[in-house]
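Trainee: Please arrange chain A on chain H, whose structure you already have, making use of the hints.
Below, each chain spelled out in residue letters.
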Amino acid sequence: MGNMEKIGLALNFGVPLLILIVAYFVGNFIEKKHFRQIIRREKALHGFPVTTFQALPPDWQVGRAEMVTGSVVVSLDYFKRIIAGLRGLVGGRIKTYEPLLERARREAILRMIERAKKGGYDAVINVRLETSRLANARGNGHGIAGVEMLAFGTAITLNQR
Amino acid sequence: MRFIPRSPEEGINVSKEHPLVEAGTLIVGVGLIFAVIAVALIFLVEIALYFVPAEKEAALFEDWLPNDIVAVSEDDERSQAVDALLKRLSQHYPNSPYSFRIAIDDSEFMNAMALPGGLIVLTAGLLDAVKSENELAFIIGHELGHFKNRDHMRALGRGVVLGILFVAISGSGAGSNYGASIADLALRGFSRSQEASADEFGLGIVHKEFNHVADSWRFFERIDEGEGELLDLMTYLSTHPSPDDRVDALIMLAGENGWSITGELTPVSW
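Sequences listed follow chains H and A, in order. Quick note: to get our numbering, add 6 to the position in the first sequence (first position is 1). Quick note: to get our numbering, add 17 to the position in the second sequence (first position is 1).
Simulated from the structure, these hints should not be mistaken for lab results. Glycine residues also receive a C-beta, built at the ideal position from the N, C-alpha and C atoms. Hints should not be assumed to be uniformly reliable.
Unchecked claim - Taking beta-carbon pairs under 10 Å as the criterion, some of the chain A residues facing chain H (in silico):
| id | residue |
| --- | --- |
| 1 | Arg23 |
| 2 | Asn30 |
| 3 | Val31 |
| 4 | Ser32 |
| 5 | Pro36 |
| 6 | Glu39 |
| 7 | Leu43 |
| 8 | Gly46 |
| 9 | Val47 |
| 10 | Ile50 |
| 11 | Phe51 |
| 12 | Glu63 |
| 13 | Leu66 |
| 14 | Tyr67 |
| 15 | Asp92 |
Stated by the list, open to error - Quick list of simulated restraints, FRET-style, between CB atoms:
| id | chain 1 | residue 1 | chain 2 | residue 2 | range |
| --- | --- | --- | --- | --- | --- |
| 16 | A | Ile181 | H | Val28 | 30 to 40 Å |
| 17 | H | Val28 | A | Arg105 | 57 to 67 Å |
| 18 | H | Val21 | A | Glu34 | 22 to 32 Å |
| 19 | H | Phe35 | A | Ile64 | 45 to 55 Å |
| 20 | H | Ile27 | A | Ser286 | 53 to 63 Å |
| 21 | A | Leu37 | H | Ser77 | 28 to 38 Å |
| 22 | H | Gly97 | A | Lys73 | 35 to 45 Å |
| 23 | A | Glu34 | H | Gln43 | 20 to 30 Å |
| 24 | H | Glu120 | A | Gly48 | 40 to 50 Å |
Isolated chain H (complex conformation):
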């Protein structure tokens, strides 16, 4: 093994390893921070009715109604991607993805509620969640750039409840 090969080997294995370590710490930091922020905002919005009812309860009298949406686009960090890649070999729960999607769901719903509050609405009913995959331009569109999480529902004002 010559010097060039040693350098090549260091670049081939050392650099991804370094990125992996950095990605883990940075990703972990951002995730923890985001969860703290989500919990804080959820507490602030506590009591705002968000339901999956398709039809209104008969005793609710609705004034205005509007569709509100909240959307968030999330991406994997390198650490999660590598671990998920290994998981893909043997199967099972991709545990590193779970907090990522949990964050996305709750963030999207929060944004939807914030939008509804801003519009002066009292509740959101018939809430639905949708995801779509955003393809990466690299890798012939097979790579995943990120996932969009979209929460939408019908915001309503209540005359009385």
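Mentor: Coordinates of chain A only, in the frame set by chain H:
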């Protein structure tokens, strides 16, 4: 209808397991699985070697010259002299299935390689560094020893197997860089025992050619004395045993066989 607000419950949708625990389990587990597969495949290489005898290999790789490994310097005027020396030396390896060929690589680093089909690659840097035919004869004899033991095929087989395995793990494309590095390592890495055995064969050839083994290891002594540049030395050491161990082993070998370690030297013609 009464509405009772509730906060989302924590920890239902998210595993409690620490991501590093999952990472560690997966890396160790998958690593073990692939280590087992690699060992099994390397064993298969040994079986394949048994079924592809040297004659078949020689026919298969007759004109093979891998351009991505060797940058042949076509117009090196030393090639005729080296070729002539190879012809003389290969006579002492009778019944060899190979028709040996020399290619001079234009690299300035000192190295020699044995490749399938009887192809011996010497670098221009190595030819610059040898001072006598006796030194060069031992280097060529050593590579002939690799052919005798079929180390070159073993290394190639392992390289291919590990390369394929790596591409299989990483999916096509993405991991091919890693695959190439691993394959490269396997391709070049002969074990110490393989090197020692090739040395023994090479020294025997030198003795048959010159009737003495004087200066066979002079080349390695010079490396050991630090005559070559550091970079050269590192290149050489990484594929071969350390020079002073090697010289000691060669002197012992000559003593055991009663081969004279003094004699007339033939200087190189360039």
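Trainee: A separate judgement is required for each hint: does it hold in the structure or not?
Mentor: Here is how each hint holds up against the structure:
Taking 10 Å as the C-beta contact cut-off toward chain H, the hint placing Arg23 of chain A at the interface holds, the least distance being around 9 Å. Annotation: interface hint on Asn30 of chain A holds; nearest CB of chain H at approximately 5 Å, less than 10 Å. Interface hint status for Val31 of chain A: upheld, as the beta-carbon distance to the closest one in chain H is roughly 5 Å, under 10 Å. Interface hint at Ser32 of chain A: satisfied, since its Cβ lies 4 Å from the closest Cβ of chain H, which is below the 10 Å cut-off.
Of the supplied interface hints, the one on Pro36 of chain A holds, with its beta-carbon coming within about 5 Å of a beta-carbon of chain H, less than 10 Å. Hint status for Glu39 of chain A: holds, given a least beta-carbon distance of 5 Å to chain H, under 10 Å. Evaluation of the Leu43 of chain A hint against chain H yields a held restraint, the C-beta minimum of about 4 Å falling below 10 Å. About 7 Å separates the beta-carbon of Gly46 of chain A from the nearest beta-carbon of chain H, less than 10 Å, and the hint is met.
The restraint placing Val47 of chain A at the interface with chain H holds, with a minimum CB-CB distance near 5 Å, inside the 10 Å limit. The criterion of a C-beta within 10 Å of any C-beta in chain H is met by Ile50 of chain A, whose closest approach is roughly 8 Å, and the hint holds. Because the smallest distance between the Cβ of Phe51 of chain A and any Cβ of chain H comes to about 9 Å, under 10 Å, the interface hint for this residue holds. About 24 Å separates the beta-carbon of Glu63 of chain A from the nearest beta-carbon of chain H, more than 10 Å, and the hint is not met.
Interface restraint check for Leu66 of chain A: the shortest CB-CB distance to chain H comes to about 24 Å, outside 10 Å, so the restraint is violated. For Tyr67 of chain A, the interface hint is violated, since its Cβ never comes within 10 Å of a Cβ in chain H; the closest pair sits about 29 Å apart. Hint status for Asp92 of chain A relative to chain H: violated, with the closest Cβ pair at about 24 Å, above 10 Å. Range check, Ile181 of chain A to Val28 of chain H: Cβ separation about 31 Å, and the 30 to 40 Å hint holds.
Taken as a hint, the range 57 to 67 Å holds for the pair Val28 of chain H and Arg105 of chain A, whose Cβ atoms sit roughly 58 Å apart. At about 28 Å, the beta-carbon gap between Val21 of chain H and Glu34 of chain A stays in the expected band of 22 to 32 Å. Taken as a hint, the range 45 to 55 Å holds for the pair Phe35 of chain H and Ile64 of chain A, whose Cβ atoms sit roughly 52 Å apart. Between Ile27 of chain H and Ser286 of chain A the CB atoms are about 56 Å apart, so this pair conforms to the stated range of 53 to 63 Å.
Leu37 of chain A and Ser77 of chain H have their C-beta atoms about 31 Å apart, which keeps the hinted 28 to 38 Å range intact. Here the CB-CB span from Gly97 of chain H to Lys73 of chain A is close to 41 Å, well matched to the stated 35 to 45 Å. Separation of Glu34 of chain A from Gln43 of chain H is about 23 Å and conforms to the stated range, judged on CB atoms against 20 to 30 Å. About 46 Å separates the C-beta atoms of Glu120 of chain H and Gly48 of chain A, a value consistent with the hinted range of 40 to 50 Å.
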